[in-house]
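Student: Taken in sequence, the protein lines are chains A and B.
Once you know that position 42 of the first sequence is 42 in the numbering used here, the rest is easy, because the numbers rise by one and skip nothing.
Once you know that position 96 of the second sequence is 96 in the numbering used here, the rest is easy, because the numbers rise by one and skip nothing.
The hints are simulated quantities; they were obtained by calculation from the structure and are not laboratory data.
Treat the hints with care, as some may be off.
One side of the interface only, derived from the structure: several residues of chain A facing chain B at Cβ under 7 Å [to be verified]:
| no. | residue |
| --- | --- |
| 1 | 35 |
| 2 | 45 |
| 3 | 53 |
| 4 | 54 |
| 5 | 70 |
| 6 | 73 |
| 7 | 125 |
| 8 | 128 |
| 9 | 131 |
Label-pair distances were calculated between CB atoms; the ranges are [as the list claims (entries may be wrong)]:
| no. | chain 1 | residue 1 | chain 2 | residue 2 | range |
| --- | --- | --- | --- | --- | --- |
| 10 | B | 77 | A | 79 | 19 to 25 Å |
| 11 | B | 70 | A | 25 | 18 to 24 Å |
| 12 | B | 86 | A | 86 | 25 to 31 Å |
| 13 | A | 33 | B | 83 | 17 to 23 Å |
Computed from a predicted model, the values in this text were never measured in an experiment.
Where is the CB? At the ideal position from N, CA and C, for every residue including glycine.
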Amino acid sequence: MNPEYSRHEPKWYRPKVPIFWWLKQWAYFKFVARELTSVLVAYSAVMLLVLFVVVDRGQVSYLEFVSWLSQPSVVVFHMALFLGLLFHSVTWLNIAPMAIVPKVGGRIVPAKAVLLAHYAAWFVCSAVLTWVLISK
Amino acid sequence: MMSALFLPILVAVLFIASPLELIELLTFGELQELVRLPLVRLALFGFVFLSFFHWAHRFRYTIYDTLQVSHLGRPIALLTYGIATTMTLLGAWVLWGIG
Chain A
1 MNPEYSRHEP KWYRPKVPIF WWLKQWAYFK FVARELTSVL VAYSAVMLLV
51 LFVVVDRGQV SYLEFVSWLS QPSVVVFHMA LFLGLLFHSV TWLNIAPMAI
101 VPKVGGRIVP AKAVLLAHYA AWFVCSAVLT WVLISK
Chain B
1 MMSALFLPIL VAVLFIASPL ELIELLTFGE LQELVRLPLV RLALFGFVFL
51 SFFHWAHRFR YTIYDTLQVS HLGRPIALLT YGIATTMTLL GAWVLWGIG
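Isolated chain A (complex conformation) (with noise of 0.2 Å):
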């Protein structure tokens, strides 16, 4: 064996990445933003189960509940949740003609039509609900 030989062992091409980098550009800044939203998303969640929760105990529970929600601070906290959501959903379907190319007839439906379709569902949708849990 050729005693000067030795086994080749590449190096890993890793350069070296600043934390802050998100906040470099506003389209970096956007999608780090859009994926923290996340957050907001599963505490919208564990609400929606309180809410389930406390209206199956019965009413005192349910005011109870709903004088909380009325308090200044956590209608302003909810105010900001509900801004934080809507550029989540706003930011989310725009997005969505990049992961959806449908065909229809062998022909690529336009990225434009992907997007209001999915704006009109998120209108149908909010309609609906608004209609189901509203008083007639």
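With chain A fixed as given, assemble chain B onto it according to the hints.
Tutor: This is chain B only, laid out in the frame that chain A set:
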């Protein structure tokens, strides 16, 4: 996708407009009847399952990408999906007990 379609209106109606008395919700009896319907509870279970795992997946990769800690991939995945699984099971237990 489900959270994008349904959550803004649910939060606006149930947690903002109704407590501020901007709109009138169903009567308490109607609301109680609604949340006790098996189909509604099943729908909420599906919704919370998707929401918790949506959070887990997004949060996992946000931690990787922002904090540059892909070498901690396994513990972070265990933590995020573990929390999502626990919350989903808790949700199932809560919804099973309703009615």
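Student: Are the hints correct? Go through all of them and say.
Tutor: Status of the hints after comparison with the structure:
| no. | hint | result |
| --- | --- | --- |
| 1 | 35 | holds, 4 Å |
| 2 | 45 | holds, 4 Å |
| 3 | 53 | holds, 6 Å |
| 4 | 54 | violated, 9 Å |
| 5 | 70 | holds, 4 Å |
| 6 | 73 | violated, 12 Å |
| 7 | 125 | holds, 5 Å |
| 8 | 128 | violated, 9 Å |
| 9 | 131 | violated, 11 Å |
| 10 | B:77 / A:79: 19 to 25 Å | violated, 34 Å |
| 11 | B:70 / A:25: 18 to 24 Å | holds, 21 Å |
| 12 | B:86 / A:86: 25 to 31 Å | holds, 29 Å |
| 13 | A:33 / B:83: 17 to 23 Å | holds, 21 Å |
Of the hints listed earlier, those the structure fails to meet are numbers 4, 6, 8, 9 and 10, in rising order.
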